[in-house]
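Using the hints, position chains A and C against chain F.
Residue numbers (this note's numbering), protein chains in the order written: chain F, 780 to 1059; chain A, 5 to 320; chain C, 313 to 793.
These are computed hints drawn from the structure, not numbers from a lab.
Errors might be hidden in some of the hints.
[Unchecked claim] Cβ-to-Cβ under 8 Å is the rule here; a few derived chain F residues that face chain C:
#: 1; residue: Leu828
#: 2; residue: Gly833
#: 3; residue: Ser834
#: 4; residue: Val838
#: 5; residue: Met840
#: 6; residue: Gln844
#: 7; residue: Tyr1004
#: 8; residue: Asn1008
#: 9; residue: Gln1017
#: 10; residue: Asn1024
#: 11; residue: Pro1027
#: 12; residue: Val1037
#: 13; residue: Phe1042
#: 14; residue: Leu1044
#: 15; residue: Leu1048
[Stated by the list, open to error] 20 Å max Cα-Cα, derived PhoX-like pairs, lysine-lysine:
#: 16; chain 1: F; residue 1: Lys978; chain 2: C; residue 2: Lys438
#: 17; chain 1: C; residue 1: Lys532; chain 2: C; residue 2: Lys554
#: 18; chain 1: C; residue 1: Lys695; chain 2: C; residue 2: Lys717
#: 19; chain 1: C; residue 1: Lys590; chain 2: C; residue 2: Lys566
#: 20; chain 1: F; residue 1: Lys876; chain 2: A; residue 2: Lys102
#: 21; chain 1: C; residue 1: Lys661; chain 2: C; residue 2: Lys683
#: 22; chain 1: A; residue 1: Lys147; chain 2: A; residue 2: Lys102
#: 23; chain 1: C; residue 1: Lys629; chain 2: C; residue 2: Lys639
#: 24; chain 1: A; residue 1: Lys108; chain 2: F; residue 2: Lys876
#: 25; chain 1: A; residue 1: Lys102; chain 2: F; residue 2: Lys804
#: 26; chain 1: A; residue 1: Lys147; chain 2: F; residue 2: Lys876
#: 27; chain 1: C; residue 1: Lys554; chain 2: C; residue 2: Lys774
#: 28; chain 1: C; residue 1: Lys446; chain 2: F; residue 2: Lys978
#: 29; chain 1: C; residue 1: Lys661; chain 2: C; residue 2: Lys695
#: 30; chain 1: A; residue 1: Lys108; chain 2: A; residue 2: Lys127
#: 31; chain 1: C; residue 1: Lys680; chain 2: C; residue 2: Lys717
#: 32; chain 1: F; residue 1: Lys978; chain 2: F; residue 2: Lys993
#: 33; chain 1: C; residue 1: Lys444; chain 2: F; residue 2: Lys1000
#: 34; chain 1: C; residue 1: Lys655; chain 2: C; residue 2: Lys688
#: 35; chain 1: C; residue 1: Lys444; chain 2: F; residue 2: Lys978
#: 36; chain 1: A; residue 1: Lys127; chain 2: A; residue 2: Lys102
#: 37; chain 1: F; residue 1: Lys1000; chain 2: F; residue 2: Lys978
#: 38; chain 1: C; residue 1: Lys768; chain 2: C; residue 2: Lys779
#: 39; chain 1: A; residue 1: Lys87; chain 2: A; residue 2: Lys108
All C-beta atoms in this analysis are idealised placements derived from N, C-alpha and C, irrespective of residue type, glycine included.
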Amino acid sequence: MSEVASFFRGTWTIALYTWREGMRKKIIVAFLILSILSIVGSFFLTAFLSQTTGSGMEVDMQAKQIKDIGVAVISIFGVLITIFISASVVPNEVENKVVYTVLSKPVRRFQYLLGKFTGAQLIIILNLVIMGGLFFIAVYMKENIMPTLLLWSVLLTYFEFLIVSAFTFALSCAATSAVLPTIGGLFIYVTGNLTEYLKDVSERAGQTELWLDKMTGQISKALFYILPNLQNFSLRHQIIHLAPNDPPRDILLPNLIVYGLSFALAGYLISYVVFFRKEL
Amino acid sequence: MSAVIETQNLTKIYEASLRSQDVHALQDLNLTVEPGEIFGYLGPNGSGKTTTIKLLLGLIFPTSGSIKILGSKNIGAAAIKRKIGYLPEGAYYPDFLKGEEVLKFYGHLYGLGGADLDSRIDKVIETVGMTRARKRLIRGYSKGMRQRIGLAQALLSDPDILILDEPTTGLDPIARKEIRDILSGLRDQGKTLLISSHELLEVEMISNRVGILYNGVLQTIGAVENLLTQREVLIHITEISGGLVAKLDTAGLTVEDATDVRLSVRVPEHISVYDALEICRAEKAVIQSIAPRRETLEELFVRVVGAAEEKKTAQA
Amino acid sequence: MKNLPRTLAAVGFAIAVLLGAWQGARVRHLRESERFYRWILAQATRSKLFAGDIDESDQQRLDVALYEEIAQTAEPALPDVAVGDDDVDAAGKPFSKLTLAARDDQYSSLVFELASGNLLAEQRQKFLQYSKEKKISSVGSELDPNTMYAEGANVSLGNIFFGLRQVAANFVWLRVDKYWHQGMEQRMIPLMRLCTSLDPTFVDAFLLGAWHLSYNMTAKMPDTPEPLKEWNEKYQARIGDKELYYYIAIDFLKDGIKKNPRNYKLYFDLGYAIYNIKMHDYENAVTYLKEAVRYPHEVWVPRMLNISLEEGGWYEKALTGWQEFLKRNPGNLTAPRFIVRNKARIKEKQASEAAQRAKAAEDPAVAKAEKAEAEKLRDEAIKIYESMNEGGEDPFAVARIMKIKAERLIENGLYLEAAALLQNARWKSPDSWDEFTDMMIQAKIDGGVPLDLSEKKYVLRKEEAQKYNQAANKQKPAPVQ
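The shape of chain F in the complex, shown without the other chains (with noise of 0.2 Å):
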């Protein structure tokens, strides 16, 4: 077999393996129940709400409230699995011994990595692909008509989860069990969504004439522009309930995607930075 193709197939081995044994875990299972168990919810919560107006336009409130919840549902139980599943594929295997099985095996550590990496992704997806599958039909059901824009919500919630994800595998390749990297994912994801502070920071600081404030002020800025911005993903709440045409949706969508695959990149080379002379 060709070098490429036993890369690749070493690779996708340990993908398709990490995916089978991650999706038995029973704490992805619980929350993708629970998930589930929000979005039927959502119906029974916001029956009852439909009113007409004084000029006899029917006004559906379920509609956009099954909505909304289903894209809450989605971030609030998608993020933890994320960072459930990130952050122990490695340290796990390290705990119980596989990553010696299979290191000492013609297996490099990038593509260990990537396999490991490739896997946690293929849950991640497969849980959203659920969750998502079930919202989509939740809102088809109530609205007779294919919310398209409903799956651009989801894969763009792939790709913030995607930049919380390469971070927090990369905590876990450098940790030595699995509790420290779900605390720092965690702490990521909250941190992601509020970077936007830090331009708030920097724009107040320097008042004062202070060497102090004035370093802070400038280090906040350079925080502010080169860590990964969550909030930049905040269009996946509102492109549910916008125009059919908005140019402003058309043209984020591809940049967002760009974007989340460079900070994910970044992530997953750091991790292999960690765990390439990691000391096993």
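Below, chains A and C alone, put in the same frame as chain F:
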């Protein structure tokens, strides 16, 4: 023929963290493993055996020194790794897979596939005696069966070298014998085995050469029969007279298991057994039996490690 | 050499971070442009529809000035947009190309291109600067949760909810709904505002909120008698408590329109539910219904526009509207009836005008000719109305015929007979109640027929309203040239 595994001044130091000191896991290890032999790698817990194995497999990296496997210093190369099979201690195999699925997974990692992989799986499964259980889930396997599957995955690529870490620990006597027989059979096929184990009796039974590691330093290495040099003669005596024990003692002989009616005398190599017999005869003792006795590996191990400990204490 | 892969990975990491940062800058630029774009859309809507609204804050001034600068700068880059008859401001000047393009879906991409491009780079920077300094009215972004429509507020609510503010708004609305069913209307108002602050794209909240304000909260309130109404500086009208709710509902919907300028429902409810049904202000009703049909809408929206045109007396436009509607919806059963109806109303109107000319003419020959013309037109109108009865009696048509006959009776001095006919007619067609009542009372007055008590009160109320409104009109400032 050159050594299959060769280390030169191999040293591994784990650097200190904030609250601890540097740990010298391995110090100037010069180890050779010859082709077609079973090499027993022994040492107490924490002596550096697993560190050595990890270094050989590229799982950790040496602080200094060199490693050659099959004459190559590039131990991470795929060509070298294909020739190594490794069975770690207490390894986990996913219990949602069947036995043959686990082998398929590892086979793919070796770059095998298709009919070739299937035939190899059949062969190794037969070798380890798991043919009837191959389609069962791992969660239904006993410890012995898991160990066999572990051995099977190590054999998949038909490696020249097998590195086995505690291959028989926790197994019942029958399972241990079966594993021993498999390992001996592999040696007969021309494979080289490096076995790290605490089961000294078994290592003594099957190994050609052994090395004893203590505190990161290789204390002794060599062929088993050469190392177990201490030979004694054991004489069982009855009809003991009052002065027999004192006379035996004076002659430099060790008396064991003494009761009123019988005792055993250990005659070291440097004393003639006839002198001992003469003493017994003079005291009118009755000789029940005379038998030569070789030192066991366990006794050698205790002796070597004990000496090393004393030396360490003296230096401290 | 041993560490080469690691070094390469580290370099790759640095490149990926730089690429991410560069792409982040691009995304930031697009988000800023999106805010700018939404502000342009909101300003275009404002300048077209709300230019006359009085705003106490002087922030309005910088908005207007900046928008004008942008419109001027963008003019050469915009194509010639079709200009309608009513695409002029209060002074009769046509709206800028930008205003016309901004309201048209087909130019959305072009407007956004301008908003994000180099041509308006300077204005974009000004916009961002003014936003920071709060020198322009707060503008939100549909894609950026951190820029909230929060007039005067300094809180970035989006961050607090991690993008889940829509869900928060939904749950607040559940509370609004609960208060509605409990009859606690006053508690609903602040929560409705909170809903739309949290989620400015929550169109349904604007619609139902306005409905609650203008219909449900005023359902048990009587119309405010004229003496109790007071001049409202903001709304430039004499209003009482009940009418104030209508104006609050109007403000609420206008706020919704600024934030969602492309949603037909807001224009529709404002035009039809409030201006037409509640306030009988057909001019404003038509203005907003015309906006509603510019955007993707349901089939009944142009129908209500045409009905409002008819109710406002613009029968020709209503007729044209119905004919175009029928062309687009050939199977529609309502349109043919309204086409006939409006044709008849045009004849009726022309007949009335001819009758008035006849009355005013000094030359008897001219008067006779005009009278003959009026009669001819009346006959034509009656014929058309009678054709509406062919499939079964149409009360509207019957009532209009009665009205025409009453007009003839009045011209012949048979006031009592005319009043009786009109009394009958207004029960036949309650839609025309006010028109027939006015005519009936006038006929009685002209004929010296005593009015009953309710008719006297009606006359007194009208005279009172006229008196107060005349005084109020003196208070109104002169329209801005």
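Quick rundown of the hints versus the structure:
no.: 1; hint: Leu828; verdict: holds (6 Å)
no.: 2; hint: Gly833; verdict: holds (4 Å)
no.: 3; hint: Ser834; verdict: holds (4 Å)
no.: 4; hint: Val838; verdict: holds (5 Å)
no.: 5; hint: Met840; verdict: holds (5 Å)
no.: 6; hint: Gln844; verdict: holds (5 Å)
no.: 7; hint: Tyr1004; verdict: holds (6 Å)
no.: 8; hint: Asn1008; verdict: holds (6 Å)
no.: 9; hint: Gln1017; verdict: holds (5 Å)
no.: 10; hint: Asn1024; verdict: holds (6 Å)
no.: 11; hint: Pro1027; verdict: holds (4 Å)
no.: 12; hint: Val1037; verdict: holds (5 Å)
no.: 13; hint: Phe1042; verdict: holds (4 Å)
no.: 14; hint: Leu1044; verdict: holds (4 Å)
no.: 15; hint: Leu1048; verdict: holds (4 Å)
no.: 16; hint: F:Lys978 to C:Lys438; verdict: holds (18 Å)
no.: 17; hint: C:Lys532 to C:Lys554; verdict: holds (10 Å)
no.: 18; hint: C:Lys695 to C:Lys717; verdict: holds (13 Å)
no.: 19; hint: C:Lys590 to C:Lys566; verdict: holds (16 Å)
no.: 20; hint: F:Lys876 to A:Lys102; verdict: holds (19 Å)
no.: 21; hint: C:Lys661 to C:Lys683; verdict: holds (14 Å)
no.: 22; hint: A:Lys147 to A:Lys102; verdict: holds (15 Å)
no.: 23; hint: C:Lys629 to C:Lys639; verdict: holds (15 Å)
no.: 24; hint: A:Lys108 to F:Lys876; verdict: holds (18 Å)
no.: 25; hint: A:Lys102 to F:Lys804; verdict: holds (18 Å)
no.: 26; hint: A:Lys147 to F:Lys876; verdict: holds (16 Å)
no.: 27; hint: C:Lys554 to C:Lys774; verdict: holds (19 Å)
no.: 28; hint: C:Lys446 to F:Lys978; verdict: holds (17 Å)
no.: 29; hint: C:Lys661 to C:Lys695; verdict: holds (15 Å)
no.: 30; hint: A:Lys108 to A:Lys127; verdict: holds (13 Å)
no.: 31; hint: C:Lys680 to C:Lys717; verdict: holds (19 Å)
no.: 32; hint: F:Lys978 to F:Lys993; verdict: holds (14 Å)
no.: 33; hint: C:Lys444 to F:Lys1000; verdict: holds (17 Å)
no.: 34; hint: C:Lys655 to C:Lys688; verdict: holds (14 Å)
no.: 35; hint: C:Lys444 to F:Lys978; verdict: holds (12 Å)
no.: 36; hint: A:Lys127 to A:Lys102; verdict: holds (17 Å)
no.: 37; hint: F:Lys1000 to F:Lys978; verdict: holds (6 Å)
no.: 38; hint: C:Lys768 to C:Lys779; verdict: holds (16 Å)
no.: 39; hint: A:Lys87 to A:Lys108; verdict: holds (18 Å)
Every hint, counting from the list given before, is met by this structure.
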